[in-house]
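Number of protein chains: 2
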Amino acid sequence: MLDEKLLSINQVTLMEQWSLRQAIESLGRSGLGAISVWRDKMREIGAAEAARLIDGHGLAVSGLCFAGLITSPDHAEAAKAMDEVRRAIDEAAEIKALCLVFVAGGVDPREKDIKAARARALDRLAELVPHARGANVRLAIEPLHPMICATRSVVSTMALANDWCDALGADDVVGIAVDTYAVWWDPQLEAEIARAGKRICAFHISDWLVDTQDVRLDRGMMGDGVIDIPAIRRMVEAAGYRGHREVEIFSARNWWKRDPDEVIRVIRERYQSAV
Amino acid sequence: MLDEKLLSINQVTLMEQWSLRQAIESLGRSGLGAISVWRDKMREIGAAEAARLIDGHGLAVSGLCFAGLITSPDHAEAAKAMDEVRRAIDEAAEIKALCLVFVAGGVDPREKDIKAARARALDRLAELVPHARGANVRLAIEPLHPMICATRSVVSTMALANDWCDALGADDVVGIAVDTYAVWWDPQLEAEIARAGKRICAFHISDWLVDTQDVRLDRGMMGDGVIDIPAIRRMVEAAGYRGHREVEIFSARNWWKRDPDEVIRVIRERYQSAV
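Just so you know, the protein sequences line up as chains P and C, in that order. Note that the first sequence covers residues 1 to 275 in my numbering. Note that the second sequence covers residues 1 to 275 in my numbering.
Calculated directly from the structure, the hints in this document are not laboratory data. Keep in mind it's a predicted model, so treat the numbers as computed, not measured. For every residue, glycine included, the Cβ atom is placed at its ideal position computed from N, Cα and C. It is possible that part of the hints are untrue.
As the list claims (entries may be wrong) - Selected chain C positions facing chain P (Cβ under 10 Å, derived; list incomplete):
| hint | residue |
| --- | --- |
| 1 | Asp108 |
| 2 | Lys112 |
| 3 | Asp113 |
| 4 | Ala150 |
| 5 | Thr157 |
| 6 | Asp211 |
Take these sequences, add in the hints, and give me the full structure.
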């Protein structure tokens, strides 16, 4: 049996059903140990009230999702995006999140230069490190699936996340989030998870559906797809990770339409049978 | 100006508009140098008649698409798939295709074991090498986008295609097809194209649309997306490739609905401005 105290629910999994207040109260009542907070939804009540509620319900915060999108070739746009990341760092500190998920940003269609986008994002991430260190917030670089490279993140592999960590030399404050959905296909996965070692500060789980119908909003429940999630869990554990297993399912056609108590019930079952 | 004799049209780009006969006749009249034949469509007239028509119109055949799908854990299924590849090799020889595009196959949902699927596909590909050599047909391993790893191909990167070529030790008869759409996001792309060198025996072009709406059938016309296609063309040329630039656009919502002469006109323009 896996420890339910290490089961975290990313709020986005119930994006359409629950406000942040409802999520905290429901998860608190359910006896689960942790939540991951979706930043857009936190605007409903603000970080201070979120922190108060989370404390009151005894939940850990496995992460704050997300900040970044700092690849723009436009300097004014980039400065604005950097300010937004700094605000997110402060919010992550306020709600005592174990990490702030960092999503690099995509490729600007005006420029069409993925190498330049990657170089800028790494430079700017380096600039953000002192602020994160000052706030005692760990930034978790999250490699995202190559199918959202154009729009969300030019960090498409564990290898690149590791390369960035090497370049930053800031393992005290920059780590990596491993998301099964984003990395399961990667022939280098096992080697690069081992290379990441203690950098791994978040582990996100969902499944890849054979009949995937959308590049972002059609993730599957653990067990419903083709990913060997237990194998990837064993890899991150062999690398030294001992933290939460965070369920993060964007599912416009299925799970976002279901009764939230049913979703939580299925997650608890699958946590034991398919994680 | 790029040489129009090196512009090839993959028949799938006009899948909904043209039969193979129409495609051959129209491309022959247009003065373009080459076609890539879609195997499913060739069943309309058979390989012998296709060969006769292609010869009569003076077209080169940059490839026959496709054969493979040999990852099944079921022995009977696999044997059937292997026979089908052998038939495709013979057809490729008959129409004098410069290569037969090899698509490995996906991950079986009953098994959920990508490592096992990869191992089987490589073993079976090795078994097919003598038949290909005997028929004097080059097999082009095509890395496909990770978003179709579950259903189409467990070969998701150039690095893995190169690893397979190393393992096979059959560079005389096994090469690699580089498709901009499948590989543009890869941080290791430049290094792995250089590593591939003379293995590259096909170069497929299309663009990645920012608002991609389907994992398979929503490719963009060159110039309409975020891929720096000229940069990738220069990489394959630096590696020694001198063959066709083959336009392969699956586009259910746009190009498959257009007048075929307009599609060809736009392709010729974009071949000069965005390739």
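Query raised in the report: For which of the previously enumerated hints does the structure constitute a violation, in increasing order of number?
Result: none
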